[in-house]
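Going down the list, the protein sequences come from chains A and B.
Under our numbering, think of the first position of the first sequence as 1, with each following residue one higher.
Under our numbering, think of the first position of the second sequence as 1, with each following residue one higher.
Please note that a few of the clues may not be correct.
Because identical chains cannot be distinguished in the list, a pair is counted as satisfied if it fits within a single copy or across any two copies.
[Claimed, not checked] List time: in silico DSBU-like cross-link candidates among lysine-lysine, alpha-carbon distance up to 35 angstroms:
#1 K42 <-> K285
#2 K238 <-> K31
#3 K238 <-> K285
#4 K258 <-> K31
#5 K285 <-> K31
#6 K58 <-> K100
#7 K258 <-> K306
Hints listed in this document are in silico derivations from the structure and should not be mistaken for laboratory results.
Number of protein chains: 2
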Amino acid sequence: MELDAYLEGAAEQIDIVLDREFGSLPGVLNKASAHLILAGGKRLRPIVVMLAADLIQKGTSQSILPAALALEVTHTFTLVHDDIMDGDVARRGVPTVHTKWDEPTAILAGDVLYAHAFELICAAMASDLAKVRSVSILAGACANLCDGQHKDIHFGNRDNVTEEEYIEMVSKKTGVLYAASAAIGGTLAEGTAQQVNSLYEWGLNSGIAFQIQDDLIDLMADSATSGKDRASDLREGKQTLVAILAREKGIDLTKYRKPALTDAEIDEAIHLLEESGVIADVRKKALEHVEQAKTTLDQFPDSQEKEILIQIASYFVSRGY
Amino acid sequence: MELDAYLEGAAEQIDIVLDREFGSLPGVLNKASAHLILAGGKRLRPIVVMLAADLIQKGTSQSILPAALALEVTHTFTLVHDDIMDGDVARRGVPTVHTKWDEPTAILAGDVLYAHAFELICAAMASDLAKVRSVSILAGACANLCDGQHKDIHFGNRDNVTEEEYIEMVSKKTGVLYAASAAIGGTLAEGTAQQVNSLYEWGLNSGIAFQIQDDLIDLMADSATSGKDRASDLREGKQTLVAILAREKGIDLTKYRKPALTDAEIDEAIHLLEESGVIADVRKKALEHVEQAKTTLDQFPDSQEKEILIQIASYFVSRGY
Chain A
1 MELDAYLEGA
11 AEQIDIVLDR
21 EFGSLPGVLN
31 KASAHLILAG
41 GKRLRPIVVM
51 LAADLIQKGT
61 SQSILPAALA
71 LEVTHTFTLV
81 HDDIMDGDVA
91 RRGVPTVHTK
101 WDEPTAILAG
111 DVLYAHAFEL
121 ICAAMASDLA
131 KVRSVSILAG
141 ACANLCDGQH
151 KDIHFGNRDN
161 VTEEEYIEMV
171 SKKTGVLYAA
181 SAAIGGTLAE
191 GTAQQVNSLY
201 EWGLNSGIAF
211 QIQDDLIDLM
221 ADSATSGKDR
231 ASDLREGKQT
241 LVAILAREKG
251 IDLTKYRKPA
261 LTDAEIDEAI
271 HLLEESGVIA
281 DVRKKALEHV
291 EQAKTTLDQF
301 PDSQEKEILI
311 QIASYFVSRG
321 Y
Chain B
1 MELDAYLEGA
11 AEQIDIVLDR
21 EFGSLPGVLN
31 KASAHLILAG
41 GKRLRPIVVM
51 LAADLIQKGT
61 SQSILPAALA
71 LEVTHTFTLV
81 HDDIMDGDVA
91 RRGVPTVHTK
101 WDEPTAILAG
111 DVLYAHAFEL
121 ICAAMASDLA
131 KVRSVSILAG
141 ACANLCDGQH
151 KDIHFGNRDN
161 VTEEEYIEMV
171 SKKTGVLYAA
181 SAAIGGTLAE
191 GTAQQVNSLY
201 EWGLNSGIAF
211 QIQDDLIDLM
221 ADSATSGKDR
231 ASDLREGKQT
241 LVAILAREKG
251 IDLTKYRKPA
261 LTDAEIDEAI
271 HLLEESGVIA
281 DVRKKALEHV
291 EQAKTTLDQF
301 PDSQEKEILI
311 QIASYFVSRG
321 Y
């Protein structure tokens with residue numbers, strides 16, 4: 001597929017710059033900070049920053065490259081801290097920072113990345129006003145990310161989380177950083193307030209759809225494809241959109257809430273959720289957010305960047321891992 | 001004393017604004033973020049921001065007030081995270097954030113404050129260029145703060161820490177945030193590069209002196225005065241300047257490295273350190289940094305702000321708690 005090739009090529013370019021920036025820093029703390037950044041990733045957020053910049057003003061993406069990196073660095077800082085909270089031991093095929101070093105080092109490594117993100121915004125070649133606005137957008141996104149993660153943790157097994165609460169949580173946990181990526185790209189390329197708002201909405205809705213799809217992948221994909229434990233959300237009783245819509249239809253998923261599930265049990269649960277239309281409803285809601293994302297781009301004239309942003313939104317809900 | 005009255009009055013003004021900003025935010029995470037900020041404090045960093053601004057251009061401190069708050073918020077974010085790493089249960093007379101809530105909430109509360117700090121810089125009334133520079137200064141300070149804390153933790157009981165390593169550690173852990181406070185005040189008031197550099201050096205040297213004095217207070221002051229456990233550094237075998245200079249003179253402090261010390265044992269250790277001239281040497285080094293701090297202000301014409309900044313540097317090494 002053409003989009004796959006584009007995303008791979010763009011990620012490789014970003015990998016080169018990240019490696020130059022973080023590959024040979026001295027000292028333990030810098031190495032701990034660089035650890036997850038250098039472990040790879042799809043680099044979707046910096047790609048979005050650059051696409052948004054070029055959408056507004058073709059050719060600006062190279063001048064604002066540091067700001068694109070800032071969004072990957074911000075994403076990584078949240079992963080480092082989230083891994084501590086969630087007690088995860090591996091990510092991207094490498095040990096998590098608090099596992100490889102220790103917890104204080106991981107807290108500080110995340111904090112160092114946080115600082116770098118803002119330094120990188122300031123290092124972009126753009127007007128000072130655009131940089132100040134971008135710093136504000138990024139800071140606002142960070143505050144929301146924290147609130148989203150806090151809500152996600154504290155939903156726990158609470159069996160009365162509403163769809164509205166879930167959407168607010170994923171908007172903050174995943175949506176706002178895609179929103180900030182697109183808005184910062186647009187801002188640094190001197191887009192109008194209306195253009196920047198549209199880019200923000202594109203990112204917010206795309207990000208929500210991304211997270212809903214993530215929940216579906218956790219349930220449906222086998223471990224070999226997803227690289228994660230199969231159906232971990234089901235086992236943990238996580239309040240995903242699947243769980244919420246199932247509850248609304250009177251389907252009891254609590255019997256699957258146990259440390260280990262056989263493949264047969266997981267298949268049974270999936271069958272139940274498919275028969276009752278829950279899976280279809282969840283997919284439909286994800287697609288609605290994709291449609292909303294695409295609509296926000298209507299105001300922009302046709303361009304390669306616009307086309308790729310539209311494809312990315314679709315890819316977010318078609319990807320299998 | 002006149003300075004005391006000035007600092008108290010200035011802190012009260014800042015308390016009022018902090019209370020307005022953080023006193024009634026909704027949600028658990030916001031309350032956890034505001035917890036330590038609302039518990040009081042000397043507010044020295046924001047006071048320095050405002051003094052530096054008025055030193056450059058009398059009357060600007062009110063317009064850049066949000067940036068002054070940013071430095072207190074940054075300081076608080078580091079306290080929230082440090083308390084987790086150090087396992088401290090109380091600060092400023094209240095339970096620490098991870099004690100009152102939980103550790104994930106404390107990590108996230110610190111991260112939220114971090115974001116607010118950058119938002120507050122952007123909210124100052126100043127030129128965009130000055131704000132971009134201030135964001136860079138603050139981000140650089142945060143990266144250094146993390147490295148200082150990392151070094152402090154990992155010095156542990158390592159009995160070969162040099163004076164040079166100690167000074168680098170306290171420069172980063174304490175010096176850079178006072179340096180950033182003064183430099184950001186000067187930057188937002190449109191000081192020249194040379195003026196901003198001098199203010200930075202004033203803060204760096206004052207901060208180093210502050211930390212050396214902190215170590216002396218830990219050793220010398222009784223608990224009722226300092227509000228802390230007496231001689232905790234001695235008991236833990238911490239690599240303070242006292243410990244380093246004592247080792248250089250062949251004084252063995254390791255026998256005091258145990259969970260509990262009687263007042264007689266502590267008095268004995270102090271007597272030993274005074275007799276051998278260690279305490280005097282440590283005081284001398286602190287005073288050298290104070291003198292360096294004062295000298296950096298020579299280039300500024302006399303003013304009330306200059307006089308107070310000079311007095312603050314002296315106060316840092318004369319205070320008893």
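Legend entry - Copy assignment of K258 with K31, given that the CA separation must stay at most 35 angstroms: Between copies only: 34 angstroms across chains, 38 angstroms inside a chain, cut-off 35 angstroms.
Inset, instruction - Have a look at K42 and K285 and pick one of within, between, both or neither, based on CA distance no larger than 35 angstroms. - result: Within one copy only: 24 angstroms inside a chain, 52 angstroms across chains, cut-off 35 angstroms.
Legend entry - Intra- versus inter-copy proximity for K100 and K58 (alpha-carbon distance at most 35 angstroms): neither (42 angstroms within a copy, 51 angstroms between copies)
Inset, instruction - Could you figure out if K258 and K306 sit no more than 35 angstroms apart (CA to CA) within one copy, between two copies, both or neither? - result: neither (45 angstroms within a copy, 66 angstroms between copies)
Inset, instruction - Go through the copies and call it for K238 and K285: within, between, both or neither, with a Cα cutoff of 35 angstroms. - result: within (19 angstroms within a copy, 57 angstroms between copies)
Inset, instruction - Can you give me the call for K238 and K31, within, between, both or neither, at a CA distance of at most 35 angstroms? - result: Classified as both: same-chain Cα gap 34 angstroms, cross-chain 25 angstroms, threshold 35 angstroms.
Inset, instruction - Could you figure out if K285 and K31 sit no more than 35 angstroms apart (CA to CA) within one copy, between two copies, both or neither? - result: between (41 angstroms within a copy, 33 angstroms between copies)
The structure fails hints 6, 7 (numbered hints given earlier, in ascending order).
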